[in-house]
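Chemist: Take a look at the letters that make up each chain.
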Amino acid sequence: MSFRPAFDVSEIEDLLNVEKDGENVSLMAVLEDVQARYRYLPKDAMILISERMGVPLSQAYSVATFYNAFSLKPKGKHIINVCLGTACMVRGSRRILDRISGRLGIEPGETTEDGEFTLETVNCLGACALGPIVVLDDAYSGQMNASKADALLRDAMAEVEAV
Amino acid sequence: MKKIRTTEELEGFRETLVTGRDPEKPRVSVCCGTGCRVYGSMKVIEAFEEEIDSSGLDKKIDVVSTGCHGFCEKGPVVVLKPSGIFYQRVDAADVPGIISETMLKGRVIEELLYTDPGSGKTIVYEHDVPFYQKQRRLVLDLNGDIDPTNIEDYVAFGGYSALSKAVERMSPEEIIEEVGNSGLRGRGGAGFPTGLKWKLCRKAEGDTKYVICNADEGDPGAYMDRSIMEGNPHRVLEGMIIGARAIGAHQGYVYIRNEYPLAVENLRIAIAQAEACGFLGNNILGSGFDLSIQIRPGSGAFVCGEETALMASIEDRVGEPRPRPPYPAVSGLWGKPTNINNVETWANVPIIIERGGDWYSQIGTADSKGTKIFSVVGNINNTGLVEVPMGATLSEIVYDIGGGIPGGKACKAVQLGGPSGGCVPVEHFDVPIDYESLQELGSIMGSGGMVVCDEDTCMVELARFFMSFVQEESCGKCVPCRLGTKAMLDVLTRITEGNGQDGDIEYLLELGEQIKESSLCGLGQTAPNPVLSTIRYFRDEYEAHIQDTCCPAHVCKPLIQYSIDVEACTGCGRCLRACPVEAISGEKKEPHIIDQEKCIKCGSCREVCKFDAVMVE
Amino acid sequence: MITLTIDGRQVEALEGATLLEAARENDIEIPTLCFHEALEPYGGCRLCVVELVGPKGSQLVASCVHPAEEGAEVRTNSEMVRRSRRTTVELLLAAAPNAKVIQDLAAEMGVEQPRVRLGDNDCILCGLCVRACDEIVGANAISLVNRGFVKEVKPPFGIGSNACIGCTTCVFICPTGAIKLADVLTNRSVHEWKSDFEFRPCKICGDHYLAPELRQDYEELLVEEQV
Chain A
1 MSFRPAFDVS EIEDLLNVEK DGENVSLMAV LEDVQARYRY LPKDAMILIS ERMGVPLSQA
61 YSVATFYNAF SLKPKGKHII NVCLGTACMV RGSRRILDRI SGRLGIEPGE TTEDGEFTLE
121 TVNCLGACAL GPIVVLDDAY SGQMNASKAD ALLRDAMAEV EAV
Chain B
1 MKKIRTTEEL EGFRETLVTG RDPEKPRVSV CCGTGCRVYG SMKVIEAFEE EIDSSGLDKK
61 IDVVSTGCHG FCEKGPVVVL KPSGIFYQRV DAADVPGIIS ETMLKGRVIE ELLYTDPGSG
121 KTIVYEHDVP FYQKQRRLVL DLNGDIDPTN IEDYVAFGGY SALSKAVERM SPEEIIEEVG
181 NSGLRGRGGA GFPTGLKWKL CRKAEGDTKY VICNADEGDP GAYMDRSIME GNPHRVLEGM
241 IIGARAIGAH QGYVYIRNEY PLAVENLRIA IAQAEACGFL GNNILGSGFD LSIQIRPGSG
301 AFVCGEETAL MASIEDRVGE PRPRPPYPAV SGLWGKPTNI NNVETWANVP IIIERGGDWY
361 SQIGTADSKG TKIFSVVGNI NNTGLVEVPM GATLSEIVYD IGGGIPGGKA CKAVQLGGPS
421 GGCVPVEHFD VPIDYESLQE LGSIMGSGGM VVCDEDTCMV ELARFFMSFV QEESCGKCVP
481 CRLGTKAMLD VLTRITEGNG QDGDIEYLLE LGEQIKESSL CGLGQTAPNP VLSTIRYFRD
541 EYEAHIQDTC CPAHVCKPLI QYSIDVEACT GCGRCLRACP VEAISGEKKE PHIIDQEKCI
601 KCGSCREVCK FDAVMVE
Chain C
1 MITLTIDGRQ VEALEGATLL EAARENDIEI PTLCFHEALE PYGGCRLCVV ELVGPKGSQL
61 VASCVHPAEE GAEVRTNSEM VRRSRRTTVE LLLAAAPNAK VIQDLAAEMG VEQPRVRLGD
121 NDCILCGLCV RACDEIVGAN AISLVNRGFV KEVKPPFGIG SNACIGCTTC VFICPTGAIK
181 LADVLTNRSV HEWKSDFEFR PCKICGDHYL APELRQDYEE LLVEEQV
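Quick mapping for you: the protein sequence lines, in order, are chains A, B and C. Following the working numbering, the numbering of the first sequence begins with 1 at its first residue and continues without gaps. Following the working numbering, the numbering of the second sequence begins with 1 at its first residue and continues without gaps. Following the working numbering, the numbering of the third sequence begins with 1 at its first residue and continues without gaps.
Worth double-checking, as some hints may not be accurate.
With a Cα cut of at most 30 Å, we get these calculated BS3-like pairs of lysine-lysine [to be verified]:
1. C:Lys-100 <-> A:Lys-73
2. B:Lys-516 <-> C:Lys-100
3. A:Lys-148 <-> B:Lys-105
Computed from the model, here is a short list of chain C residues facing chain A with C-beta under 8 Å [to be verified]:
4. Pro-97
5. Val-101
6. Ile-136
7. Asn-140
8. Ile-142
9. Asn-146
10. Arg-147
11. Pro-155
12. Phe-157
13. Ala-163
14. Pro-212
Hint data in this document are derived by calculation from the structure and do not stem from the laboratory. From the three backbone atoms N, C-alpha and C, an ideal C-beta is built for every residue, glycine too.
Model the full assembly from the supplied sequences, consistent with the hints where possible.
Modeler: And the structure:
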């Protein structure tokens, strides 16, 4: 059983510079760069990274599955993040999550069939005065409620259709 | 930026900056912390710059985009200096008026002023606003004055003079003694005496030592550290440089949550500028001391706020805590002596060195010195950051500063310390806050997150929420935490679903105590706290759920029912339209009715009804 | 040598010893699950906790990792310790009800029926297999994956690891038998890791005895020894 990476090495060559400014680049920094570029960590990329950095694949895999920042499954083009921190919680963020989840037909952590939207939750973004907060890609929306969430989704879906 | 090579050069540089700035020159300070940015403060900044430019006033008025002012409920916040006029909820459209009326003609714009809910009067000046009046801002003092991305602002306001003093006139031992005398205790939550921690690390054997800033502020509802990092990152750096000098470390790390992009960016800029000026790098201010600081972003794991898990993460491993001893001061990052402190702890250091440990120890209580920043959030009128001396009471914070509870509702309790903490009910709000008094009440100081819960909060659901958080974040290494908190969560979930059983409360208490005693790390050791404290003070709510299948606060969905009061309903149809599952039916002007089979208990109908006709029980 | 008190008795221990080592040197039994002499102590199962008496009260510490210090006062079987062990075993029984070693421990401690049900997985996440594969064998074919309640032991991506050499150390060291091995005729398979090996026949006697992956390792070892 041996794995020949189907991945094209050149695609992530620049991210595999094991040394930057004379210092060894950390595994997690490389994984973050790959995650940012592909919206997930492709298996073949992991194998390559493991070989290049001399880190056992099992250790790289442990790290990839331990931290929220990494995903082994492709994420949607758009990430909808609902804050479930305590402050947002006491202001009703659970209801907003339920509404969005219902409308998109997916549970938190899942991606819609068409690959457009991934629904996630986060335990506090630190903008508690504006709670409840929903973040769509990089845009924060504060003082949300279920109906505003509907509107946000409608606009987001309309934009997707328009493309 | 020119490199500053000696303390004399620094003083010369500072003097140039200060004399080059006219303190009477009008300055507009606009809050550009994360919160106010969401409100649109960047557009306000743009509007000011445009208006000032087009009116030819660019030499006459300065605009400063600052970090978080703290009064987050009223953002975007704009303060006019030097007068101190305080404007809230400022829109880009308000800007021309602010310049022409207030700045040029001295006329105050009433609609932009803060109104005190108690007296109904408007307040003009920042220092008169009750939210700020009762605070003692030592750490957050410059957040409204400086542009965090411009090191010159920090220096002009006295920044890096503590470093100067430490390097010029104090030996490492004297620095440690000063911090020890101040009584400063770790602000991350554990409250360990900082001076003692530094002493242990200095004493530890080895030439390679590290300093780390724990900026992995993971408690939901806590954002003090974010605002310090966004608004005054240099103060944290200055503290770390002084600490590194005292301990003998030449490499530092700031481990900061990746969920705080603005703080990461401002910190990055600050480090680059500090390096350019010579506050970081080789031979700092001619002392012969070298230090470099790197940023390590977190990767989304609450447990990495625990010091040994944090270090494992920097070492590219999974964030699993390890047993102690050995303590990090002796064997930490890569096995070397390491001093880890929280952001707020580091930020206090320059203040202590500048003004003296004795002066610092006059503030606070017998065993808890200095000030503490709290993020007051949840069901509260004045959401924001509050810095008070240790010993202030919850009454003062919730009512005098926080402005009480929205909607005129009663306050039930305050949750301190996040998932590791406990609730403090209203009857104990007059207890002076310090590390020990909170422990006696079954809570902890924590990092400063203070979630206010009103009468409509279900304390059982709150406990379940915290336990589900812990379950998601547990690293899974040790049995009591991995399996024990799952068991507790399963029981709590059953209770909130109306399937509680006799003996559940006793089991939660017993298992909670065992998990506290047996877990490997602080996460597990404190995970049962929210459950234990809510049972202690709100046992009746648990019993209502279990014995009567009733949720007194009308929150737990399986235990509540929404219905429409036929007397009060006007048949306006608002609820019908708001219902996401079409569970409401009725003719216009006729009382409407909810189909209980379809109802998902989302509460939207109650939210939109203007006639109080939707009841929940 | 240092002196400390265990269960009221003054005993001696080597400097640098752990409390577990100090106890065992002095014929005092402490139960363990995730401990193994050949591996770095883990401190995960919490079964080996002992009560450390201090000036501000007692705390429980994992004896497998906690250093034995001069003058320490330790209780290995106090009420505090027994309550903790019973809870640990009850939780393990709730999660691994069919694992014999857990059933035996439960019987010893008087734990009958767990008060909750947490699943039925023979793997108790003691980490011995992973740690052995890393520290002793050096293959790093498996690791602890995910975090929290859904933590599990897996080869990377859950498919057969090409780092596995079929040495079966993990099978041998697993306390509950959660790792299933089948040596059938000429094939060895380790079910959990989806690893399969084909034994090669001996040129002389024709018996099938060794997989090439294992042989490679031995060859390297032999070469090293010769050098």
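Chemist: I'd like to know which numbered hints this structure contradicts. Please list them from smallest to largest.
Modeler: Hint check: 1, 3, 4, 5, 6 and 14 fail, others pass.
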